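Chain by chain, the residues:
There are 2 protein chains.
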Amino acid sequence: MSSIPKIVILGAGYGGILTAQRLQKELNYNEADVTLVNRHDYHYITTHLHMPAAGTDSIEHTRVSISKLIDEFKIDLVKSSVQEIRLHDKKVILEDGTLSYDYLIIGLGGEPETFGIPGMAEYAMSIRSINSVRLIRAHIEYQFAMYKNEQRPQERINFIVGGAGFSGIEFVAELADRIPKLCKEYDVDPALVNIYNIEAASSALPGFAPELVDYAVEVLQKKGVTFKFGVAIKECMPNGVILSTGEEIKSATIVWTGGVRGNRLVESAGFETMRGRVKVDEYLRAPGYENIFIIGDNSLIFNGDKPYPPTAQMAMQQGVSCAQNIVASIRGKELRKFEFHHKGTVASLGKGEGIAVVGDKKYTGFKAAQLKKLVDLRYLFIIGGIPLVLKKGRFI
Amino acid sequence: MSSIPKIVILGAGYGGILTAQRLQKELNYNEADVTLVNRHDYHYITTHLHMPAAGTDSIEHTRVSISKLIDEFKIDLVKSSVQEIRLHDKKVILEDGTLSYDYLIIGLGGEPETFGIPGMAEYAMSIRSINSVRLIRAHIEYQFAMYKNEQRPQERINFIVGGAGFSGIEFVAELADRIPKLCKEYDVDPALVNIYNIEAASSALPGFAPELVDYAVEVLQKKGVTFKFGVAIKECMPNGVILSTGEEIKSATIVWTGGVRGNRLVESAGFETMRGRVKVDEYLRAPGYENIFIIGDNSLIFNGDKPYPPTAQMAMQQGVSCAQNIVASIRGKELRKFEFHHKGTVASLGKGEGIAVVGDKKYTGFKAAQLKKLVDLRYLFIIGGIPLVLKKGRFI
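Chains B and H, in that order, are what the protein sequence lines are. Count the first sequence with the numbering used here and you get residues 73 to 468, in order. Count the second sequence with the numbering used here and you get residues 73 to 468, in order.
Simulated from the structure, these hints should not be mistaken for lab results. Remember, predicted model here, so these are calculated numbers, not experimental data. In this text, a Cβ means the ideal position worked out from N, Cα and C, and glycines have one as well. A few of these clues could be false.
Calculated cross-link-like contacts (lysine-lysine; reagent style DSS-like; alpha-carbon spacing at most 25 angstroms) [said to hold, decoys possible]:
(1) H:434 / H:423
(2) H:295 / B:253
(3) B:140 / H:253
(4) B:295 / B:140
(5) H:295 / H:322
(6) H:300 / B:256
(7) B:253 / H:433
(8) B:78 / B:409
(9) H:253 / B:151
(10) B:140 / H:256
(11) H:434 / B:253
(12) H:256 / B:220
(13) H:256 / B:151
(14) H:220 / B:151
(15) B:434 / B:97
(16) B:220 / H:151
(17) B:253 / H:140
(18) B:256 / H:140
(19) B:434 / B:415
(20) H:434 / B:256
(21) H:300 / H:423
(22) B:322 / B:351
Short derived list, chain H residues pointing at chain B, Cβ under 8 angstroms [said to hold, decoys possible]:
(23) 203
(24) 207
(25) 210
(26) 211
(27) 214
(28) 217
(29) 218
(30) 220
(31) 221
(32) 380
(33) 406
(34) 409
Take the sequences, apply the hints, and build the full model.
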């Protein structure tokens, strides 16, 4: 019976993987037991999901087997789904067992926020996992196949993307790249296909400078995207949407990217949350729990009076910080406050196009697209070194 | 105003294409007007459809643009759908016009025969056109995507093929080759997937020698196909079938290959038909009409007291013969009786496997698979020469 502390990490997303890797590196032999729990045996690169969702890239470029990222001699991997977090018992209930912890890191990721829009949860798909993007890709192709076997119903070749934030825009760009290929494969006149991007806010890509937003919108309009800004989806139906303007758009394909919230497991554990997110302390700990760290989409950190948007960049930095603080805590050392270093933002706009901000500098077009690839390659390097870059990287 | 005879060919299948090509070759300049009517601007290789249906080959290997096969200076191509054949007016009504004829060649192809099995027409798919096989392929992949996004319902990964005749067996073999790839792509344990082949007759592949049938069944069982012989499908539902034994099999994918009949357009034209097929005279003419030739799946020719099965081989030979007889008829020469020369039969059983009969010789395995490829390449050569063989041929 070991009396060394038990560290349990829930979720192998950006935050969880970085925490696990950093713990693996910094902990000495027998200094702690570390267990990483994840629903799948793979880690996926969420910021890349828009590509396999549209069918412009393979899912194999989007996921990595966790066993390739973690040394299983040092960290136990448990492939299971978390059912409940019992704070008073210091236990996590899995679908097929129970884990007790001394330290808990919660990085379970977010869920789509449908804002109670009727029909959205039932009829819209979302870009949130390998399985969900497989469905979106297969669904889109199925619409073309059905279109050619039915009396050419327009709803089969109208595509609606709800939300023009980061993931909405990145997905709509890939979709615009993919549609001409599907049209060719299924003998459909591209002029008949419509891609609608509907956004309740008055413009796309909040947080980007207006000239970059304009650039992005223009690029996508040229690729055939119809934007509707300042228009909300009022209702979602199996065969279309009703907009706040009263207009109805027929479509058998609705992809919702309009909102992300935290995790119901975090809410039901009893933490105080805002839309499923816990406002963590300066060390990334849940208020009132010195041994529980919350990271990634489950955490909420304010930048002045506005919360930071939950990004991969944020989750990765949190992962490193919380691992360092857990090691410090075990060793009785002083904890270090978390500070977010914003390194820039890149949005891809399909093949060879993008927008980017790095420091004061703004980039558009090919340079931004190259930067996006660099960011992706850098991430692969961080989690898996050169071998992973060579195996999963997209250079072209 | 020309007074030269007008020849109209309905359908650019095996029979129609061969008729058109032979007329093009044999007719002198201004000897006749020839018009070829087809619903699509491409000809497709029906005996190859089972591959793109399963997703083991591209549809581009399965179709050829008609304009590549026909000299449009000599033959008019009309891309349209035939609505009605008016025998008394010597007119064909198209969806967007009318054609009058002096000679008519009907090669419109067959339709699936569902034998009135409830639900079959509504819920089963069939391998009969480029569009229908695109749907089958997309549908199968969609089931895997849905399976991973639902609570793993077995009906999503049960696949039912009705009929163990030629096309049923060839399709089920390709499906068995395709499933392991889909399982890999969608992380599904192949052991969970079921492929059922259900046949009312007591065995598969009527017409083949019993030892070849046994060989084929064994090959496919090893690939994971479950056969049910002597069992009829009693009813088809959106999520499965009920068998004559009372057994119910859950499946969201039912592909019906159990029967082919002639064409409703031929029936409604007023010809005497048996299941949509016209028993033609020894010159391939419809009884009572010296100027109307019926070929391919629309025709019925007896071999003793049993009809010949409608095959590509039969249609091709009919096409050549009816073109020769039309030319002879225009020139006031004597017509030649049609005689079918059976050159052998090859059934593919997926990658590297097959069975074949050529004369007295029987082949199995790799040799039969090579023979199948040879037959395919020979067909491409016949209709398009070396350039088409190089463009569309599958050598590996």
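Here is what the structure says about each hint:
1. H:434 / H:423: holds, 19 angstroms
2. H:295 / B:253: violated, 33 angstroms
3. B:140 / H:253: OK: residue 140 (chain B) and residue 253 (chain H) at ~23 angstroms, within 25 angstroms.
4. B:295 / B:140: Violated - the C-alpha atoms of residue 140 (chain B) and residue 295 (chain B) are around 38 angstroms apart, more than 25 angstroms.
5. H:295 / H:322: holds, 21 angstroms
6. H:300 / B:256: violated, 39 angstroms
7. B:253 / H:433: violated, 46 angstroms
8. B:78 / B:409: OK: residue 78 (chain B) and residue 409 (chain B) at ~23 angstroms, within 25 angstroms.
9. H:253 / B:151: Between residue 253 (chain H) and residue 151 (chain B) the Cα gap is close to 24 angstroms, so the pair holds against 25 angstroms.
10. B:140 / H:256: Holds: residue 140 (chain B) and residue 256 (chain H) sit about 18 angstroms apart, inside 25 angstroms.
11. H:434 / B:253: violated, 44 angstroms
12. H:256 / B:220: Violated, at roughly 28 angstroms.
13. H:256 / B:151: Since the Cα atoms of residue 256 (chain H) and residue 151 (chain B) sit roughly 19 angstroms apart, the hinted pair holds (cutoff 25 angstroms).
14. H:220 / B:151: Holds - the C-alpha atoms of residue 151 (chain B) and residue 220 (chain H) are around 16 angstroms apart, at most 25 angstroms.
15. B:434 / B:97: violated, 36 angstroms
16. B:220 / H:151: Roughly 16 angstroms separates the two Cα atoms, so the pair holds.
17. B:253 / H:140: Between residue 253 (chain B) and residue 140 (chain H) the Cα gap is close to 23 angstroms, so the pair holds against 25 angstroms.
18. B:256 / H:140: holds, 18 angstroms
19. B:434 / B:415: holds, 13 angstroms
20. H:434 / B:256: violated, 42 angstroms
21. H:300 / H:423: holds, 23 angstroms
22. B:322 / B:351: Status violated; Cα separation ~40 angstroms.
23. 203: Holds, because the Cβ-Cβ distance from residue 203 (chain H) to chain B comes to roughly 4 angstroms (cut-off 8 angstroms).
24. 207: holds, 4 angstroms
25. 210: holds, 4 angstroms
26. 211: Holds, about 7 angstroms.
27. 214: Hint on residue 214 (chain H): holds, closest Cβ of chain B at ~5 angstroms, below 8 angstroms.
28. 217: At 4 angstroms from the nearest chain B Cβ, residue 217 (chain H) passes the 8 angstroms test, so the hint holds.
29. 218: holds, 7 angstroms
30. 220: Holds - the Cβ of residue 220 (chain H) comes within 8 angstroms of chain B, reaching about 4 angstroms at its closest.
31. 221: holds, 5 angstroms
32. 380: Since chain B brings no Cβ nearer than about 31 angstroms to residue 380 (chain H), farther than 8 angstroms, the hint is violated.
33. 406: Where the cut-off is 8 angstroms and the nearest Cβ of chain B is about 44 angstroms from residue 406 (chain H), the hint is violated.
34. 409: Violated, about 41 angstroms.
Hint compliance for this structure: hints 2, 4, 6, 7, 11, 12, 15, 20, 22, 32, 33 and 34 are broken, all remaining hints hold.
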